[in-house]
Amino acid sequence: MTPEYNKVHNRFKFNGLHFSHEELKEVAYSLIKEGEPYEKVTGNFLIDWLNNKDFLYVTTSGSTGHPKEIKLMKQAMVNSSIATGNFFGLEPGDKALDCLPSHFIAGKMMFVRALVLGLEIDFVEPSAHPIFDYEKTYDFCAMVPLQLKHTINYIQNIKSIIVGGSKVTKPLLEKIKNCEPKFYETYGMTETVTHVAVRQLQSKTAEKELYFKALENVTFEQDDRNCLVIHAPKLVEEALVTNDIVELKSETSFQLFGRFDNVINSGGVKLFPEQIEDKLQPAIKQRYIVAGEDDVTLGEKLILIVENPSVSKEEIAKAIKELKTLNKFEVPKEIYTIAKFSETVNGKIQRKKTIKAVLGS
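Numbering (UniProt numbering), first residue to last: 1 to 361.
Derived from the structure by calculation, the hints contain no laboratory data. Watch out, some of these pointers could steer you wrong.
Stated by the list, open to error - Between beta-carbon pairs, the in silico distance windows are:
hint, residue 1, residue 2, range
1, Glu174, Glu315, 20 to 30 Å
2, Ile152, Gly268, 41 to 51 Å
3, Lys71, Lys333, 43 to 53 Å
4, Thr205, Glu34, 38 to 48 Å
5, Lys208, Tyr57, 44 to 54 Å
6, Thr219, Val269, 25 to 35 Å
7, Ile152, Gln275, 18 to 28 Å
Unchecked claim - Below, simulated DSSO-like cross-link-like pairs (lysine-lysine); rule was C-alpha separation at most 27 Å, straight line:
hint, residue 1, residue 2
8, Lys324, Lys356
9, Lys249, Lys234
10, Lys182, Lys270
11, Lys340, Lys356
12, Lys182, Lys53
13, Lys208, Lys149
14, Lys170, Lys285
15, Lys33, Lys13
16, Lys167, Lys301
17, Lys167, Lys270
18, Lys353, Lys68
19, Lys340, Lys353
20, Lys279, Lys208
21, Lys170, Lys208
22, Lys68, Lys301
23, Lys95, Lys68
24, Lys352, Lys340
25, Lys68, Lys13
26, Lys324, Lys353
27, Lys170, Lys182
28, Lys170, Lys68
29, Lys301, Lys356
30, Lys279, Lys159
31, Lys95, Lys136
32, Lys249, Lys285
33, Lys149, Lys74
34, Lys353, Lys285
35, Lys53, Lys71
36, Lys68, Lys285
37, Lys270, Lys234
Computed from a predicted model, the values in this text were never measured in an experiment. Ideal Cβ positions, reconstructed from N, Cα and C, are used throughout, including at glycine.
The whole structure should be built from the sequences, with the hints applied where relevant.
Given below as structure tokens:
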């Protein structure tokens, strides 16, 4: 029988203590009244979750556009939790670490999974360097790459870690290879109630996977742009058409190339910024993006934008020239610098705003 959103699992624990549905409401009110700012946000979410409505509103991150509020059905969030639990083999009484802010869907879903699956969840202050009990064994945790970077030496007792919110950099991937936990890169969005697919990363205990694999009750197809179309009837009623260009391996697995609206057409050659950015990582220490700039000859020329560089443009160009992985079309024709990238409230780069600020158009 499928759990319902208005029930609290009898094995659920919050920071070591069990609470019933009504008791958890009192905890939520206490967090709102007496808690730290991050705890107040969690209290407000719990009040929303525990009320009599069958839906709630969640704010998107705004990384691909303006942040917006969308309506999510609570039962869809329950269904997502069950799919995650089944994929990762989570059982009642398993221990979860939550170090994500409850403003957005990823942090909210850590609590929902605990409530639905009967997990014992430890909630710590969400920060770039979360502090938790490094000696305690956890079965499941979700982090953004920046958090994983700062805690990479302290996560040996966490069995499975999902990583999302932004790209996992190559230096971080190299560090992950020497760690014991199993790491998974996630694919999803607020509209799909967090991840609908995961891809295992290489670590001491796991092999790298090229393709993202769907969670249960999720299938994929492509539209005429080769963009991913998600069918997840237990999460969202209609098929969800994305702007993510993919190669399908099957109806339940795909390889991700980049966003359709980021593709650069330079002299008839299609360039995927996300792939080029991967290749540039050994040459540039600061944050950067590549983009297209209008060009009379090529239509668009490839440009590089570096945030607050510590070396000159000439030195960056020299380091890029020494890379063996770039083909001739992938070498930036122009390098620009900017003091600070435009960001969302949770630190994701806003490409369009940043490019507009640099090019002034």
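How the hints compare with the structure:
Between Glu174 and Glu315 the CB atoms are about 23 Å apart, so this pair conforms to the stated range of 20 to 30 Å. In this structure, Ile152 and Gly268 meet the distance hint of 41 to 51 Å, their C-beta atoms being roughly 42 Å apart. About 44 Å separates the C-beta atoms of Lys71 and Lys333, a value consistent with the hinted range of 43 to 53 Å. In this structure the supplied range 38 to 48 Å holds for Thr205 paired with Glu34, their Cβ-Cβ distance being about 41 Å.
Against the hinted window of 44 to 54 Å, the Cβ-Cβ separation of Lys208 and Tyr57 comes to about 37 Å, which falls outside the hint. Checked against the hint of 25 to 35 Å, the C-beta distance between Thr219 and Val269 comes to roughly 32 Å, which is consistent with it. In this structure the hint that Ile152 and Gln275 lie 18 to 28 Å apart at CB holds, the actual value being about 25 Å. Between Lys324 and Lys356 the CA atoms are separated by roughly 31 Å; this puts the pair beyond 27 Å, and the hint is violated.
A distance of roughly 23 Å separates the Cα atoms of Lys249 and Lys234; the hinted pair therefore holds under the 27 Å criterion. With a C-alpha separation of about 35 Å, the suggested pair Lys182 and Lys270 falls outside the 27 Å cut-off, and the hint is violated. Simply put, Lys340 and Lys356 have alpha-carbon atoms about 13 Å apart, close enough for the 27 Å limit, and the pair holds. Our distance criterion of 27 Å between C-alpha atoms is broken by Lys182 and Lys53, whose separation comes to about 37 Å.
Proximity of Lys208 to Lys149 is assessed by CA-CA distance (about 19 Å); at most 27 Å being required, the pair is judged to hold. Taken as a hint, the Lys170 and Lys285 pair is honoured in the structure, with Cα atoms around 12 Å apart against an allowance of 27 Å. Among the hinted pairs, Lys33 with Lys13 is consistent with the structure: their alpha-carbon atoms are about 21 Å apart, no more than 27 Å. A C-alpha spacing of about 24 Å is found between Lys167 and Lys301, which places the hinted pair at or below 27 Å, so the restraint holds.
With a CA separation close to 21 Å, the supplied pair Lys167 and Lys270 stays within the 27 Å bound. Taking the CA atoms of Lys353 and Lys68, the gap is near 17 Å; set against the 27 Å cutoff, the hint holds. Taken as a hint, the Lys340 and Lys353 pair is honoured in the structure, with Cα atoms around 11 Å apart against an allowance of 27 Å. This hinted pair checks out: Lys279 and Lys208 have alpha carbons roughly 18 Å apart, not beyond 27 Å.
Under the criterion of a C-alpha separation no larger than 27 Å, the hint pairing Lys170 with Lys208 is consistent with the structure, at around 13 Å. A distance of roughly 32 Å separates the Cα atoms of Lys68 and Lys301; the hinted pair therefore is violated under the 27 Å criterion. Straight-line distance between C-alpha atoms of Lys95 and Lys68 comes to about 32 Å, which puts the hinted pair past the 27 Å bound. In summary, the hint linking Lys352 to Lys340 is supported, as the alpha carbons are separated by about 14 Å, within the 27 Å threshold.
Taking the CA atoms of Lys68 and Lys13, the gap is near 32 Å; set against the 27 Å cutoff, the hint is violated. For the hint pairing Lys324 with Lys353, the CA-to-CA distance comes to about 31 Å; that exceeds 27 Å, so the pair is violated. In summary, the hint linking Lys170 to Lys182 is supported, as the alpha carbons are separated by about 17 Å, within the 27 Å threshold. For the proposed pair Lys170 and Lys68, the alpha carbon gap of about 31 Å is over 27 Å, so the pair is violated.
Of the pairs offered as hints, the one joining Lys301 and Lys356 holds, with about 15 Å between alpha carbons and a cut-off of 27 Å not exceeded. Simply put, Lys279 and Lys159 have alpha-carbon atoms about 30 Å apart, too far for the 27 Å limit, and the pair is violated. Between Lys95 and Lys136 the CA atoms are separated by roughly 9 Å; this keeps the pair inside 27 Å, and the hint holds. Distance hint between Lys249 and Lys285 is unfulfilled; the C-alpha atoms sit about 34 Å from each other, more than 27 Å.
A C-alpha spacing of about 32 Å is found between Lys149 and Lys74, which places the hinted pair above 27 Å, so the restraint is violated. Under the criterion of a C-alpha separation no larger than 27 Å, the hint pairing Lys353 with Lys285 is consistent with the structure, at around 22 Å. At roughly 12 Å between alpha-carbon atoms, Lys53 and Lys71 fall within 27 Å of each other, so this suggested pair holds. With a CA separation close to 33 Å, the supplied pair Lys68 and Lys285 exceeds the 27 Å bound.
For the proposed pair Lys270 and Lys234, the alpha carbon gap of about 36 Å is over 27 Å, so the pair is violated.
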